[in-house]
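Sequences and hints are given; from them, build the entire structure.
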Amino acid sequence: MGDTEQPEAGTGTTRTEAAAELAEIKLRQQKVIESVLVRVWYWWVMAAGMVAIGAARDSHDRVVQAITIPLAVLVMVVLTGAMIPEVRRRIQVHSATQPGAHGAAAIFGLIVLVNAATIATAASLAGHRVAHPLTIGYGAGAAVLVIAGPLVMGYCHRLMLTRARQQMKDAPNGGTP
Amino acid sequence: MNTAGFDELIHAPTRLQIVSLLAASQWADFKYIRDELGLSDSALSKQLSILESAGYVEIRKAFVGKRPRTSASLSKAGRHAFGQHVAALQRMLAKSQQDGGAKTPMKPTA
Chain A
91 MGDTEQPEAG
101 TGTTRTEAAA
111 ELAEIKLRQQ
121 KVIESVLVRV
131 WYWWVMAAGM
141 VAIGAARDSH
151 DRVVQAITIP
161 LAVLVMVVLT
171 GAMIPEVRRR
181 IQVHSATQPG
191 AHGAAAIFGL
201 IVLVNAATIA
211 TAASLAGHRV
221 AHPLTIGYGA
231 GAAVLVIAGP
241 LVMGYCHRLM
251 LTRARQQMKD
261 APNGGTP
Chain B
592 MNTAGFDELI
602 HAPTRLQIVS
612 LLAASQWADF
622 KYIRDELGLS
632 DSALSKQLSI
642 LESAGYVEIR
652 KAFVGKRPRT
662 SASLSKAGRH
672 AFGQHVAALQ
682 RMLAKSQQDG
692 GAKTPMKPTA
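Chains as they are written, first to last, in my numbering: chain A, 91 to 267; chain B, 592 to 701.
Everything labelled a hint here was simulated from the structure, so no lab data went into it. Glycine is no exception: its CB is placed at the ideal position from the N, C-alpha and C atoms. Please note: incorrect hints may appear among the correct ones.
To be verified - Here are the simulated distance ranges between beta carbons:
no.	chain 1	residue 1	chain 2	residue 2	range
1	B	659	A	129	22 to 32 Å
2	A	160	B	667	46 to 56 Å
3	A	130	B	659	31 to 41 Å
4	A	129	B	686	36 to 46 Å
5	A	174	B	685	37 to 47 Å
6	A	129	B	633	27 to 37 Å
7	B	658	A	256	33 to 43 Å
8	B	641	A	164	45 to 55 Å
9	A	152	B	636	51 to 61 Å
10	B	631	A	213	54 to 64 Å
Encoded structure:
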């Protein structure tokens, strides 16, 4: 190594150290954002619950329905109800980083899409007298959920990261990262 | 406080991690910070006390049921100091790039 970096006057910090510090700050931002997003397994559990409900309804067996449907709904409700407070118990993302109206619109869009796929598929199959229309209909909705759920979370992740990065860019102008 | 917003208190590696994490959040649970940064209870307590003494961090202790819960958040002063520190780092980086990266080669990152 011939040349050595000169520390910035008054700080004792080199350019490389400054770059490493900024990288660390970005990494922490990213970790905080990731910690509040819904995990992939959540979508799979919800999808399994949906298919179970569809299959139970198609069985036309009252005992199967009486056990499976409340159980599946219970799992889905408890999982959703437990996950949100669990995340909120640990950390709350800075208000300026939250996905806001765009994130809410994306989640609402996901719900509409899943319901539309489920109802349209089940109704169409039932109209054509295909066997097990509800199982397949709920399966279609579940497939949409498993594919689109992580995509929506990815969108929220990018949105939050962009906002966090913007805050950092604004720091020299008096912004608060 | 140091030259043009560069903050020695925040500059220390562990405190930088803590402040960066808190800067991205409204507040964070003590256990969350500890686990995320891989620190011991005592190490985190010590660093939080230093930051609290400087007025950068606010510690909140509450009970949820019978369980005590400690959380930390950046104070307004802490957020401002962090913003200034980030700005100082960005200026240092921009300045060294303007001065010519070719003249001062980058040290390999460890």
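Hint by hint, here is what the structure shows:
no.: 1; hint: 659/B / 129/A: 22 to 32 Å; in the structure: holds (28 Å)
no.: 2; hint: 160/A / 667/B: 46 to 56 Å; in the structure: holds (50 Å)
no.: 3; hint: 130/A / 659/B: 31 to 41 Å; in the structure: holds (33 Å)
no.: 4; hint: 129/A / 686/B: 36 to 46 Å; in the structure: holds (42 Å)
no.: 5; hint: 174/A / 685/B: 37 to 47 Å; in the structure: holds (41 Å)
no.: 6; hint: 129/A / 633/B: 27 to 37 Å; in the structure: holds (31 Å)
no.: 7; hint: 658/B / 256/A: 33 to 43 Å; in the structure: holds (37 Å)
no.: 8; hint: 641/B / 164/A: 45 to 55 Å; in the structure: holds (47 Å)
no.: 9; hint: 152/A / 636/B: 51 to 61 Å; in the structure: holds (59 Å)
no.: 10; hint: 631/B / 213/A: 54 to 64 Å; in the structure: holds (59 Å)
Hint check: no violations occur; every hint is consistent with the structure.
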